[in-house]
Structures are given as structure tokens and as C-alpha cells.
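A.B. asks: One letter stands for each residue in the lines below.
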Amino acid sequence: MIALRSVHYRAGKHFAVESLDMTVPTGSIYGFIGPNGAGKTTTMRLILGLLAPKAGTIEVLGHRMPREARLALAKVGVVPERPHVYPTFTVDEAMRFHSAFHTGWDAARATKLRAQFELLPHQLVGSLSKGQTGKLMMLLALSQSPELLILDEPTDGLDPVVRQEVLEALTEFVATKKATVLVSSHLVHEQERICDWVGVMDHGRLIAELPMTVFRNGIKRLRVGAGVSDAAAQAAPFLAVSRRALENGAEEWLVRNWEPSMHSWFVSVGVPLQEVIDLDLEQAFVSLLRAARANSANAADAAAKEAA
Amino acid sequence: MFRAILWSQWKWARGFLLVAVLIGMILSIFVLRGQVSFDGRGVYSIPDLLDRSRAFGVFFQLDATAVGLMLAIAAWQQDSRTRHVYALLLPVSRAWYASSRFAAGMILLLIPAAALAISTAITGRLAPLPPVLHVYSAGLAARWLLAAATVYAIIFALVSASPRLVKRIVLGTVAILVLDLLYGGFVDTAHRSLLGALMQSLFSRNGPYAPFLDGWMLIDV
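One line per chain: the protein sequences are C and L, in this order.
Here my numbering is used: the first residue of the first sequence is 1, the next is one more, and so on.
Here my numbering is used: the first residue of the second sequence is 1001, the next is one more, and so on.
For reference, chain L alone in the conformation it holds in the complex (with noise of 0.2 angstroms):
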């Protein structure tokens, strides 16, 4: 059972999962081009490619970002075309049948992230770098895979919940930090902004969104 849903989550992703790949190698090139000479006379300029290499380093997060949503959407999207009316008459546990579509989705994931995991591994090895620069492929793309993951759980989550539920989780989380700031603003002027501290927790060193900071160059020193 699990494999005819694993199967039918290829049939619906294969179209952007190859498009993903196809991305993957593209920036992983784009990193070096123009940057690197391949006829042996090595870098250009160390700093130029280390610029080019954390600016680029957005797109792997808008890609890694792309991937998870799309597949998240991709997950539910033919269930919510037909109502859910097929899944819920299959005779399984509506818990088995989410679970099983989250995990497919997930194993997913893996295509693209080794994909990039390899392109970006074989374009560091040709290209000719100074011993003070490393190709991070490895690392780059568990970062990938791991930012990607985040966003597909939380779209996941959100597009497999009712309507009423999702309207309701971001009326009320807009509700609470409507008051929080109306608080911090006129009541204690000394209140630490939920918002922030919130905001704080996600992004620092350790949060969960961390893979989604810094850190996301191909070459480093």
C-alpha cells in the first residue's frame, strides 16, 4: 500500500523534482562561472568567488524553499480536487493515509538533494581550486535537504488541515500578536515584543529555521 502511494506522489512531483535537479546542477555551475578558469590557471580572485559564492547561496535557499512546497502541495492536491472523497473510502486509517503520504514526500526530498549532493561534489572536483578553498557539496546539500524538509512539514501540515482549521490557527495567531504589539506599544513600553522573542527562538543558532540563515556557500575557506 505504501508503495502504490509513494508511486503515485512520483507520478504527480516527477515534472518539478527533475526541474529541482536541473536547478541544482545550473547554480552549482553558476557558483564557478566566470569565476574559475578550467584551462589551469586556476581562480581568479579568492575574495570574487567567495562573494559569488554566499550570494548564490539565496537561490539554494529559494530552491530548497520551492521544492518543499511544491511537494507539499503535490501531496494533497489531487485528494483536495476530488474532495478526499477516495481517501477516505480506501480501507485504511485516515492517520496511516497522512502519515504514508508524508513520508513519501519526504523520501522524495531525497532525489533532488542527491542530486545536488553530486553536482556539486563533481563541479568542485573539476573545477581547479587554490588549496585555501573546499567545496562543501556534502554539507551544502544536507542543508538543502534539511531547509526543504522544514517547509514541506509546515505546508504539509497547514494544506492537509481543514479549511476551518488553518483559517483559524492564522486568525488567532494574528489576534495574539496584534494584542502583543498593541501591548508593547501603550500599556508596557518595557515588554519584550512576543513577536521578536518568537522570531528569536525560529531563527537563532539552534532554532529549527537555522538552516534557512547564513551559511549556505558552495566554497569557503
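Isolated chain C, as found in the complex (with noise of 0.2 angstroms):
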């Protein structure tokens, strides 16, 4: 549905996104979290067309971008970060300009959803609330039938009422079309209601790419008795993201992958498992964020120390 292999881009001298590798499957709903500025919106450009990889390739429904964006973005509803309806237009009239170049638009879709986001049909786009502004592009977007939703922050600024509404509306669409969304956020909650699949980016990075129910259910923060080598550790059935000793001797593990038959393994290394911790999918999202930045700050280090 959506892959991206190796895809570089430099944006300035302080952004890049570097050797990401990305998949949203068929018929997922696939949250794209990470922080502001880790790379979300340069991503969804990249796979929109809107800016072309240094290097890599991106595939959208079939389509190289940004070749053959004209053929994808036929399939594709989206819905930008920033407001991109022309503020002149009246509703109706943003909702006739859209639907001439959209062929699977779903004109009774459009009028039953402004109704039910109470946009009136002769308001001007620019004097919309931002909440109402969120509705006509998410109305926008679901009435041309597209396969494929590509959403970037549809939520970010709106009250919890609006919030509720668009995506209500979203997962209606999602259930009765079966199509693929992804959507950017930093609202980790949100995600975890809507979401089968995640993917975390923070500078340019994609550091996770897993099943909702993995990344709920499989990250954990482990205290464990110190002793078990780094060797020993890779070893695991499961991902040790990170160690940090504690004071009292032991360490504190934050791990991938966690099933808790996996308890036998610490058994057979000789070391005690003293607890296992649940994190919410807020806490797994700003530990795993914690563990690639320390990792990556580690790797540096080691890099200079070797270059010296």
C-alpha cells in the first residue's frame, strides 16, 4: 500500500531523514507518532509527492513517487497539516471545485457529512473556526472515496467535541470502505483508539514499526538482578531496548516483544526477574523515545572515542 525503502532527504542543515524503510499494510489504520520537528509532515510529503527522496524509493498503491503522483493522488483523500482549501470558495463552492477532479466523488457522502459537521453551505472557508476548517478537509477527503487516507495531525488543535466528531467520522468511513489510513499525531491516546498499527519517528529516524497490540501489550520495563551480559542479553526471545542500573544493584530493562512466558528465560541465565512493569502506550512511546536518543548519543560517543 505504502513503502518506503532507504528514502534519504535533507531539509537544511539541521533536518535530515536517513535510510527510512516504512510499510503501511492494506487495510491498516497505521499511527505515525513522534514528537514536533521528528519528521512526521516531511514523511507524508515525501509519500505525497509534494517533495522528491535524494535517494530510495517510495511506492504509493502501486505508484512511484513522485512520478506517478498524478495516478496516486486519484486514490489518495488527504488532508494536510496546514488549511490548503482556497479561503475565497464557500463550502459548497470547495466542495463542487474538489469533486470536478475527484471521479469516485460521493456527492449524497459530502452533503450527509455537512450536515453532520453543521458547515453551512454558503460560508466562506476563510472565515471557518479551525475546528470547522478540520471538518470541511476531512469532508473533503472521505467524499472522494479514496482508497488510501493520508492524514497529518486531522485532529491537532480541535476541541474534544469536533475531536470526537471527525473521528467518528473517519473510522465510519474506514469500517464501510475497508480503505488505509495514516494519520500523524502527538496525541499517543487518540492513536491507541483508532490505530492496528505504529510506527515512532523522532529525528528522521523510524526507530519502531509494529502492531498496535504488540506495541501495547509488548513493551514492558523489566527490574532484573544485574549479572546478565550483553551477549547473553541479545540472545533474548525478546528486544532489550535499553539497561540502566539502578542504585539498590539491579537493572531496569525496557523491552520489545514481551509475552510473559518469556519469565523462563531470565531463569536460565541465573538471574532474578523481580518485576515486571505495564506501561500505558504513552509511557512504552516516551521510553522507547528515551532509549533511541540515549542509544544513538552512546553511538556517537563510541564513534569520536574511535576516531581519537
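Calculated directly from the structure, the hints in this document are not laboratory data.
Ideal placement from N, C-alpha and C gives every residue a C-beta, glycine not left out.
Quick list of the computed label-pair ranges, beta carbon to beta carbon:
1) C:His122 - L:Val1019: 22 to 28 angstroms
2) L:Ser1093 - C:Thr57: 17 to 23 angstroms
3) L:Trp1007 - C:Glu68: 24 to 30 angstroms
4) C:Thr57 - L:Leu1177: 43 to 49 angstroms
Taking lysine-lysine and the DSS-like style, the derived pairs with C-alpha atoms no more than 30 angstroms apart in a straight line are:
5) C:Lys112 - C:Lys178
6) L:Lys1011 - C:Lys75
7) C:Lys75 - C:Lys177
8) L:Lys1167 - C:Lys54
9) L:Lys1011 - C:Lys130
10) C:Lys130 - C:Lys177
11) C:Lys177 - C:Lys112
12) C:Lys13 - L:Lys1167
13) C:Lys112 - L:Lys1011
14) C:Lys130 - C:Lys112
Join these two chains into a complex; the hints should help.
C.D. replies: Below you can see the structure in the form of C-alpha cells.
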């Protein structure tokens, strides 16, 4: 559905997307999370063909981007980060203009959504509130009956009521049309409710990409006794993302792909597993970010020492 | 799809297109104002009327320039305001989109040109001119359309290009002209100025900017 392979892109001196591999499976609702400035919007622009990568390949619905953007965009509904509809159009004019370019335009759905979102047909787009603009962009994206929806922070800055309405319209559409969705947000709890896949991005790198169930249940913080070598930890059936020594001589591990049966591995290496701490999605997200940042800092230190 | 593009440009440009139509009508009346009598006594002074017709040619030129300029700006203004994101997300090629916007503007230019042709023709028909004078309403309207289209095409190209490209073009042109002037002034005084040659080729009788020069007379012998 969407596949990025070894994508490189540089924006200015300080930001780059490097060796980005990402796969959004067909039929999934893929939550794209990361802190502000992580590169989510840049990645979405690359996917939409608005930017051209320096290296690597991007495929959207079987079309190479940005070369075949015209073919792909005919099947993609987009809600960009900033309002993009002409502000001098009225709501009805915006709908009419948009429908002229999309052969799959569902007029009945558009009318229904306009009523549901309480948008006045003759109101100017430029005079709409932030919430109403968000609703209009979602209306346009959903009414073109897309196979793929790309939504960049679609609920950012919206009040809870409007956010709920927008998300309900989205989930109803996905349920009936079986569309694939790529949705970015830094509202982790919102992603947890609607997504079945999750990708975590930081500093232009994808640091995790896994099913939501694995993300939700498989990321744990473990308190274990000291004494496990790095080599032994690498052979564990789970992925040890980071290790930190505690004051009492024990260690705290952040692990991925954890399952309850993996207790036995600690027994086999002769180290006591003292506690398994459940993390909610936001805690897991923050822990993953911290671990990734610490690991890259350590790697940079090691490289600097080696060079010296 | 082209209809949607044409309609959007009509929506954005219709205000000043209406003003352009009115200005064309007013100008055609003003050429004759105070110069002819509609009570049957005829033209007061043929030389005065010809002078006035010649003098008003400038206003027709300015009108054509303003309409071409405004129409080109209107074609891209809304896309610029939205950083071209909406246009780039439409399932059409960039070339198709740009050429459709250009063609839509060209079609809209026909409205004030036609209005000018009609209003000048009506005014000329109503004015009791002596047989030696003629009203060139179609010729003036064609000249107006050509001039407006030329301005529209140039400004459209500049507005649709990226600011970086426009900056490069302008700076490059200025650099070439300055070097040319310095060469002509200090190295080879017999050197024929590039700027002079350029202006001559552009504004000569057969040049692309000839419509802007003399001959914009609604009434002539």
C-alpha cells in the first residue's frame, strides 16, 4: 500500500530523513507518532510526492512517487497539516471544485457529512473556525471515496467535541470502505483508540514499527538482578531496547516483544526477574524515544572515541 | 476539470473584469466628450478630436496593462496563499494545471476586449462624425486584447515561477545589462548597446511589444 525503502531526504543543514524504511499494510490504520520536528510531516510530503527524495524509493498504491503522483493522488484523500482549501470559496464551492477533480466523488456522502458537521453551504472557507476548517478538509478527503487516506495531525488544536466528530466520521468511513489510513499525531492516546499499526519517528528515523497490540502489550519495563552480559541479552527472545543500573544494584530494562512466558529465560540465565511493569501507550512511546536517543548518543560517543 | 479552473478564475477576477468593462465604456465616451455634438451640428474641430483620440490612446494602453497584470495575479494568488499545496494534491499533472490556469485567463480576457469593441462601436455609431473620420473599434479592441494578453503572459510566467527562479532571472538580466553598459562605456565605445538592441527588437514595428506603441486611436482619418 505504502512502501518506503532506504529513503534519504535533507531539509536545510539540521534536519534529514535518513535510511527510512516504512511499510503501511493494506487495510490498516497506521498511526504515525513522534515528537514535534521528528519528521512526520516531511515523510508525509515525500509519500504524497510534494517532495522528492535524494535517494531511495517510495511506492503508493503501486505507483512510484513522485513520478506517478498524478495516478496515485486520484486514489488518495489528504488532510494536510495546514488548511489548503482556497479561503475565498464558500463551503459549497469548495465541494463543487473538489468534486470536479475526483471521479469517485460521493455527493450523497458529502451532503450527509456537511449536515453532520453543521457546515453552512454559503459560509466562506476563510471565515471558518479551526474546528470547522478541520471538518471541511475531512469532508473533502472522505467524499472522494479514496482507497488511502493520509491525515497529518487532523485533530490538532480541535476541541474534544469536534475531535470526536471527526474521528467518528473517519472510523465510519474506514469500516464501510475498508480504506487504508496513515494518520500522524502526537496525541498518543487518540492513536491508541483507532490504529492497528504504529510507527514511531524521531530525528528523521523510524525507531519502531509494529502492530498496535504488540506496541501496547509487548513494551515493558523490567526490574532484574544484575549479571546478564550484553551478549546474553542479545540472545534473549525479546528485544532489550535499553538497560539502566539502579541504585540497589539491580537493573531496569526496557524491552519490546515481551510475552509472559519469557520469564523462564531469566531463570535459564540465572538472574532473578523482580518485576514486570506495564506501560500505557504514552509511557511506552516516551520510554522508546528516550532509549533511542540514549542509544544514538552512546553510538556517537563510541564513534568519536574510536576516531580519536 | 477545465470548467472548474475557468469558473474559479472567473470568481476571483470578475470584480475587476467588471471594472475593466466599465472603464472601456467610459473611455470610449470620454474620447468624444466635448468634441462632438449630438444635436446634429457635428464635429466642432477635427484636429482637436484627433488630438484627443491620440491622447486617450494612453488610457487604453494602461487599461490593457492593468487588466493583464491583475488577471495574471488572480490566476495564482489563491494558490500562493495556500502554498500551492491544494493544487499539488490534485490528481492532474503540474503542466496541465498551469496551462489550464493560463488558458482560463486568456479566455477571460476576451470579456473586456469584447465589451470594449461593442461599447466603442456603439459610441462611434451614435457620434455624428464627418465622412473623413472613421471609428476603429474592432482594431482598437484587437490591439487592446493583444497588449493585455502580452502583459498577462509575462506576469503569469513570473508569478508561476518560484521566487528563487524569478530572483535569478531578474539578477541575471540586471548583471548582463550592467556589464554591457560598462563594456560600452569603457572598453569599446563603438559597441552597440545590448539594451538598445533589445529595446529596438521588442518595440519595433514587428516586435512583440508593438501593440503598446502609437496607433491606439479610436477615431482616425
